[in-house]
Every structure is written in structure tokens, then in C-alpha cells.
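Protein chains: 2
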Amino acid sequence: MIALLALCDVGDEIAFPAPYWPSYLDIARLSGLTTRALPYKSGTPDIGEWIDHFGDQTKVIVYSSPSNPTGSVLPATDLRALSEWAKETGRWLIADEIYQFQYYAEDGPAPSVLHLPEEESEHVVHISSASKTFALMGHRIGWITAHPSVIARCSGIASNMAGNVNTAGQALVTRALSTPREELAQRSAQLKRQRDVLCAALRDGVPWLRWTMPDGGLFVWCELADDLSGRWDGDTVAAALLSDQHVAVVPGSAFGHRDAVRLSFTEPPGKIIEGVQRIKTWGEARL
Amino acid sequence: MIALLALCDVGDEIAFPAPYWPSYLDIARLSGLTTRALPYKSGTPDIGEWIDHFGDQTKVIVYSSPSNPTGSVLPATDLRALSEWAKETGRWLIADEIYQFQYYAEDGPAPSVLHLPEEESEHVVHISSASKTFALMGHRIGWITAHPSVIARCSGIASNMAGNVNTAGQALVTRALSTPREELAQRSAQLKRQRDVLCAALRDGVPWLRWTMPDGGLFVWCELADDLSGRWDGDTVAAALLSDQHVAVVPGSAFGHRDAVRLSFTEPPGKIIEGVQRIKTWGEARL
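Each protein sequence line maps, in turn, to chains A and B.
Once you know that position 55 of the first sequence is 55 in the UniProt record's numbering, the rest is easy, because the numbers rise by one and skip nothing.
Once you know that position 26 of the second sequence is 26 in the UniProt record's numbering, the rest is easy, because the numbers rise by one and skip nothing.
Same shape as in the complex, but just chain A (with noise of 0.2 Å):
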């Protein structure tokens, strides 16, 4: 919200691609700007697909890599052609990395924007936050990296919000700044581990789902397979799976698409396979 009060005025327009974090729909009407999100688009984003599609009066766009909900990651080249058609176009990126270090494909943090070249990144905002990077929860700590004018603006904006971050979380990242490498590497590899688990028992056992292998993230995005679109959508199910199996699972409402919903593998992996489990035996009886 900060970035996006220090980039638009009211009644600018932000864009974003479907599925997407819900907050970025939220943040725009309470900042008073308009939105448009580009239309849902299953698998692998394809940024030219976007390009395609933002307005001539679009000023800002939003995005997440990796992606929440669907654990999808902008290879370096696109962040590059992305950062790079903004700074010619005059539009503004905001490149939601809160994930980076929840990365499975290749050892070590995801592809990001602080690595392209300083002159390349002029109009890219890059934001973050200790809650996944140092798993710091709740203390609500973030930042934000960009050109100096921009952070010279939402230092002000930050400064009526919020006056300054809390002082107990600050104390809490700045030793959690020097965790290891290793350790975040280990945390990355459990949390890869617990993906594998889940894909490989929703492949076993549920085949009313549709499912690209994160490749980071928290999270599983399931499409509803064709068959069920008709009688079924990410709200019935989602709903019906909490009352009869106590599983929750996210509708995909919340991100821009109905026909879906949202699974997390932070849990251990018997609290994972029970919940598939579960899932299974719910789409048995009623599918």
C-alpha cells in the first residue's frame, strides 16, 4: 500500500495478472485508484500476454514471482524484458518478492529483480518482508528497494501510517539477518519436500483436480477439472470440505477465478497426506 500511495495519485490505474494476491484489489480501492486485472490465465505466466493487455492508462503494475497463489516464477529474462519495457513506457513495476526464498526449482533464492543492472531497475519496485523470508510471522516487518525518490516518498507515506516499524520486530530482524545461509537453504528444502509430498498424493488420489508443480511458494493452485465446473466451484467445494472433512483449503475466488482452490503445504507431511486423504474421500462420495 505504501509503494502504491508513493507511485499513483487517486484515480490512477494498477494492473495485475489473474490469479492474484487479493490484497492488490483491496490496497487499490482503498487508495483510491482503479484496477485492471488482466485476464485469468492458467499454467506459466507469459509476460507478453500481459504486456498485451495493460491500458494505455495504466501507471503501475503488480505482480508476485514467486507467484501466490500458484507458486509460478518469472525466469530472469522476463523480470529483464519487464523492467526494461516499464522504464520505456514510463509505467512503474512493483515486483512482490515475498516468496524468493521459498524456491524449489534450483538450489538458492529466486530469480529477482535486486539482480538486474542498476540502470535497468529505475522503475521497478522491489518489495519484501521477514514474515516468509526469516519465517518472522506476525511481527510485521517489510521493506521496500527502489530508486531513492521513490523511497524518500514512502518514507513519508510509512511515516503517517504507521510512524516507524515496531520496535520488538525490528530487534527480531536484525538478528534474524544474519541466520545462515544454510539455514534458510534447510527451511527451503523441507518446505520442498512437503511440495513433493502433497503433488505426489493429490496425483495419487485425486484426479478432479488440475495442478502445476510449484516452483515456489507455499502453495498448490488446483483448477477443477471440466466435469465439475457445472455443479461445482471453488466456494462449494472449499466450503464443504471445511463442514464435512474440516480440511480448509482457500477458494479461488479470493484470486481471481472461481473454478479453483488454493492448498498449503506448510504442514508436516502426515498432516498433508491426512488432508489429501480426506479430500479424496470427500471427491468419492460426491463427485
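None of these hints come from the bench; they were simulated from the model.
Careful, some of the hints might be misleading.
Copies of one chain are not kept apart here, so a pair can be met inside one copy or by any two copies together.
Below, a list of computed lysine to any residue pairs in the SDA-like style, where the Cα atoms sit at most 20 Å apart [what the hints assert, rightly or not]: (1) 59 to 32; (2) 59 to 10; (3) 132 to 161; (4) 59 to 253.
Please build the complex by placing chain B on the supplied structure of chain A, with the hints as guidance.
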């Protein structure tokens, strides 16, 4: 900001008496609201005068009592009259009572809209914080008390702006809530002594500042005597005191009045006396 976003749409007008807490103005701008600063008034607030100056388009009135910067306190009769008037005319009051427990006129906290009968306070939104109430500055814990329909909107907004109140701060405030009333009273008595020290020192040594002894808050609001106002204003006095005497005061321009400075009495008596001595020295040399 949360309360304003809950009550207003882009383009709505909010009004506040001057001198005002500067964030009212900045937050309104960030939220796409127009502002009406009621004409500057020296000394005791006059709510009749406020009401005369609100526009037909004014949707929300924001005021602080005890006031930052003046320390003036609205009596209970004024609070009641304002809240009745808000309900009758469809306006909303945001009562910023951050300094409710820094009150020196009688024992106990300052008069508060929280003590109004429920049916009279339907259009009143009360805000306060742990920063001042429990001396937990920097932990960023505030709260809003209002009609459930307003609170529901505030919750939705807060969840998008901040997600949650930071975990460590919540734990601190949970403990602080059981602070004995006597301890709050002791802190208030200490501040009262410091206020008296500051006022006595100013009375004896600095004839070129005009002020009213504040009934609450942490500050003495000092207007420059008339014979200075051509040569000096609050900005130049504050800058000169800082560079020449290393005394920090806040210029009145921040609060909507050029010819004033705000002095704090949060330091121990010895420091207050030393500070006023330096202000006196500076004045005698320059004025």
C-alpha cells in the same frame, strides 16, 4: 487512517480545528480526502465556533482532546454537545483521545466520549493507543472504539493495511492492560510536576512566549509575542534554538500556525530548567 478510510469515500471532506496534529492533514491527502482546517484559535477551544465553520460537505470532524499540540481538554458537556450534533446532522466525530491518561486538572483520566450514553455516541469513533496510555511508544499498538458497523469496516481495512497487530506488541499490551490505576496516576502526577516546572521557568524567564497552562498532554503551546512576529516566526526560532543552543522545539507551522513553537515536558525537571535557561539566554541576546 483506518477510521478515516472506514468512514469516507475518495473526495469527501474532513475538518479539524487548528492547531492540529499534522498527520490529520497528511493522512487525509493520502486517502484522497479534501480538508477544511478550521481557523486558528488561540487558547481554549470553542465548539460553537467549530460548528459554525464546518462546511455543508464536511463528513468527518477530527479533534484531539487532550490536544496535541495545545494540551487543551474539552469538558464532558462539549463532548456530549458535539456527539449529539454529529448524530443529528449525519456527521462523524473522530475523537483522538491518545492523551486521555495524561490529564492534570483533576484526578483520573480526561473527560472521554467513551463515557457518553451509547445512544448518543453512535456517530463517534474513539481512537487511542498504548504508546501514551501505557508508555509503550514504538510498539505501534492502537485501538478504535465505535459502533459495530464501523468496526467491521475498520477490521477489513486494517487486515489489508497491516495484516494484524504485531505479535510482540500484542503480548506487551496484554500485560500492560493490568497496570494498576495507581501506577498510571503516578506517571500522570510526575508529568504534572514537569509541566509545572516548565511553566514556572517560562513565566520567570521568557516573556516573549505566550502560553496557557495545559490541562493535559505532554506539551506547552507557546505563541510568539506580537512584537516579534515581524522579525521571527516559529520556524526561524526553532531552527535558531537548535543550532545555537541545541534545544529542540517543534515549530508551530507543523500544526497549522506559523507564529508558535511547541515545547515538551517529557524530560526530567533538571533538563527542562536547563532547556528554558538556554531559550532565555538565546532570547536575551537576539530579541
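Consistency of the hints with the structure:
no., hint, result
1, 59 to 32, "both (14 Å within a copy, 17 Å between copies)"
2, 59 to 10, "both (12 Å within a copy, 19 Å between copies)"
3, 132 to 161, "between (22 Å within a copy, 17 Å between copies)"
4, 59 to 253, "neither (25 Å within a copy, 34 Å between copies)"
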